[in-house]
Amino acid sequence: MKRRNFLKACLIGGTTIALGKTNKGWASGSFEGYPEAMGVLVDTTRCIGCRSCEAACNKEQKLPEPDTSFDDPSVFEHERRPTSKAYTVVNRYQKEQPSGPVYRKVQCNHCNEPACLTSCFVNAYTKTQEGAVIYNSKVCVGCRNCMIACPFNVPGYDYDSATNPIVKKCILCYDTRLKYGKPPACVEICPQEALTFGHRADLIKLAHERIRATPERYVDHVYGEKEVGGTSWLYLAPVGFDKLGFDTTLSNDPIISNVKDFLGMVPMVLSIWPALFSGIHLLCKHEEQDGHGHDTDSNQEDTKP
Amino acid sequence: MKKMIQHGLAIVDSPYDEDGKKRTLVNKLLLGLTPSQYLLQAFRNPFNWILAAIFAIGIPILIGRFFFGLAWATSGSNDYPWGLFLGFGLFAMVPLSSSGFQLGTACEIFGRHDLEPIERLALLNGLLGYFFAVMYLLADLGQPWRLPYPMVVSFGPAAVLFLVAWHVATYLSVQVAEVSTAFFEWIGFPAGKRGVRKITLGLTVSGIILSTLHQGALGALFTYAPGKVHPLWYSSSFQWLHFFVSSLPGGLCMVITVSTIAAKTMAWRGDTRFHEKLDKVTVSLAKGACMGIATYITIKLIAIAHDNKWAYLDSGWGQWFMFEIIVGFMLPLTLMTYGVHTRKMAIVRLGAFMTVFGVVLNRVNTAMITFNWKLPHREIPPWREVIISLTIFATYIVVYRFILYRLPILFKWRRQEQEETVPEAVPVPALGRREASSVPVASYSSMTKLD
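Top to bottom, those sequences are chains A and B. The numbers in the UniProt record's numbering rise by one with no breaks, and the one at position 281 of the first sequence is 281. The numbers in the UniProt record's numbering rise by one with no breaks, and the one at position 369 of the second sequence is 369.
It is worth saying that the hints were derived from the structure and are not from the lab. For each residue, glycine too, the CB sits at the ideal point set by N, CA and C. Any given hint could turn out to be false.
Said to hold, decoys possible - Label-pair distances were calculated between CB atoms; the ranges are:
1) A:226 - B:338: 37 to 45 Å
2) B:60 - A:73: 52 to 60 Å
3) B:373 - A:73: 27 to 35 Å
4) A:73 - B:313: 55 to 63 Å
5) B:138 - A:217: 28 to 36 Å
6) A:211 - B:376: 26 to 34 Å
7) B:376 - A:175: 33 to 41 Å
8) B:331 - A:219: 45 to 53 Å
9) A:226 - B:311: 41 to 49 Å
10) B:338 - A:251: 39 to 47 Å
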């Protein structure tokens, strides 16, 4: 034998494994989102907690009836999160403050470099030119890695469905509105103009303009401008974002940056290991031929066909 | 079985029975017993009654999970998408199954033929561990029938999970091939065995590559969730190393654990070579495991220092972390080192048990207990989820035992080789031939020569 067979086997093994992942290197550039991406600016100082956005979303996305009606203020007693039955929820914070409570709308933030997308092994997520992060339920296997990866805890899952459980989250009304240049249902219905729809780049300017014009009204930060590489949904707030349930510990790097160390290691292992271990193998064999081997039986065996 | 052997039952360890007739498949399956004898010994074993009880309750619930959905069976929630099935079944079973590639490497690459008595057990342990990790995964996936999707329908090649899926799938087939030699011996198909032996070295090297990558990849999965896993269990630069390195002692100690259990509960099944060499082999494995643990503790400390996370040690989470490190890794390291030096096998084995516990605890901690540590509530698995996990684990034990009872894993399959594979032309004396052929039956040593 066998050197040739061995090398052949290594080569076949190596290429088989290498075939699966070619994209790794290209994932390392810095991507700041599509230039024409749309977005929504949420001015929490304007929100009065009427929950009409929740109702509009429910109607637009044909979601099931909620347990309590959209007029019921008792839902503010507990902090809620988006689920498979509600793509957006409004929470109330700072209720004991004299300046009055602050309401915050929660939904998918449509990251520029979504963690759900980069963690999905069947490519079920797409970031569209318009900025929406949409989901293809036809290929989803149901591993729920996107829910692990989402830094904002957004995707909800149909745990109740045995036959077709899928991930559900805000898709920026992509199918019914955004595709045709229309704003999402929640933005259109907002009576307070707390939500502003537009190009993400313009919204960032607008947000900073508002802060500059009335600095006493806002903290000097636009949440979502830089967090995890930037999101299509941007927030203005009158108090520190950490007081409104935002995660202020998130890095400005997209989530995928954390994974790049490992992804970069993969081709190294693929290329170095075969040489390293076949080298070690050859070294060990040499020793045996010099008479230091510990298994004479196997040497004898070798004469067999 | 012990009683029956005392009453003169011949153990099945060759293709021929005591009269020199070829054994039938049924005869091999029934371990040479008559059907009534077989049932009798099965009934007499109290462990079977425990298993029967687990299956009686567990199988209907397992089936129910597929009819009523995940919400019915698990605590799976929007905040804690991964529960026991993955936290224990996948993330803990996989590192305990790294033994296959390690012993394969030691025997085939490093030429440590003295470890061969345990090599097949290690390979089988690897295969079954992976296989049942996939079973747990199937129970957990929302749409398990779409498991092949990342292979054939839709590719997400930039995702770590894609790597895991491909590597586990390819590695599973590598392991099937590696274990198949024992199966081919058992069913009497020497051509198949020779075929596999030809590619053993290639299989072994691909085994190392695939294992390194996907053991690491399982850790890298959590680097998608910075801030969600408690900082003491999380390190974006070292996470894959933590998982990979701790899988090394995990796999070795799992082999010590399994071989200990097998030597105690099915002593009749091991041949004299297995029983005589077991202590020596265990010491070798324990030495390897000690190196692994020492490395693991070191990189764990480096990771804490790297991100300057010392302050977290002074908290409730810090105590839990210290418990895991001390009881799961430092103490077993001390015990095994002491046991190896003084040749006190009981202490070595105790250390190995504790390491297995430590690795499992580490995986469960990372995937479940410390996950979403900032959220106020912790998820406690409901009883149905616990029972399903237990049922799958019981199936793992049953399959493991079924194979150990029958295939030449702990013993050497006698006689077949000399009758069917040694050509007459080789001028080896009859007696020498018998001995010579009996060794490589359980080894691939002849294939490791690069002559």
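Range agreement (Cβ of residue 376 of chain B with Cβ of residue 211 of chain A, hint 26 to 34 Å):
holds, 32 Å
Has the hinted range 45 to 53 Å been met by the Cβ atoms of residue 331 of chain B and residue 219 of chain A?
holds, 50 Å
Verdict for residue 226 of chain A, residue 338 of chain B (Cβ pair) under range 37 to 45 Å:
violated, 54 Å
Tell me if the beta carbons of residue 60 of chain B and residue 73 of chain A are separated by a distance inside 52 to 60 Å.
violated, 44 Å
Does the Cβ pair residue 376 of chain B, residue 175 of chain A satisfy 33 to 41 Å?
holds, 36 Å
Is the hinted range of 28 to 36 Å satisfied by the C-beta distance from residue 138 of chain B to residue 217 of chain A?
violated, 54 Å
Falls inside 39 to 47 Å, the C-beta gap from residue 338 of chain B to residue 251 of chain A?
holds, 44 Å
Does the Cβ-Cβ separation between residue 226 of chain A and residue 311 of chain B fall within 41 to 49 Å?
Violated, at about 26 Å.
Evaluate the given range 55 to 63 Å for the C-beta pair formed by residue 73 of chain A and residue 313 of chain B.
violated, 44 Å
Using the beta carbons of residue 373 of chain B and residue 73 of chain A, state whether their distance is inside 27 to 35 Å or not.
Holds: the Cβ-Cβ distance is about 31 Å, inside 27 to 35 Å.
Going down the numbered hints, you'll see the structure goes against 1, 2, 4, 5 and 9, while the others check out.
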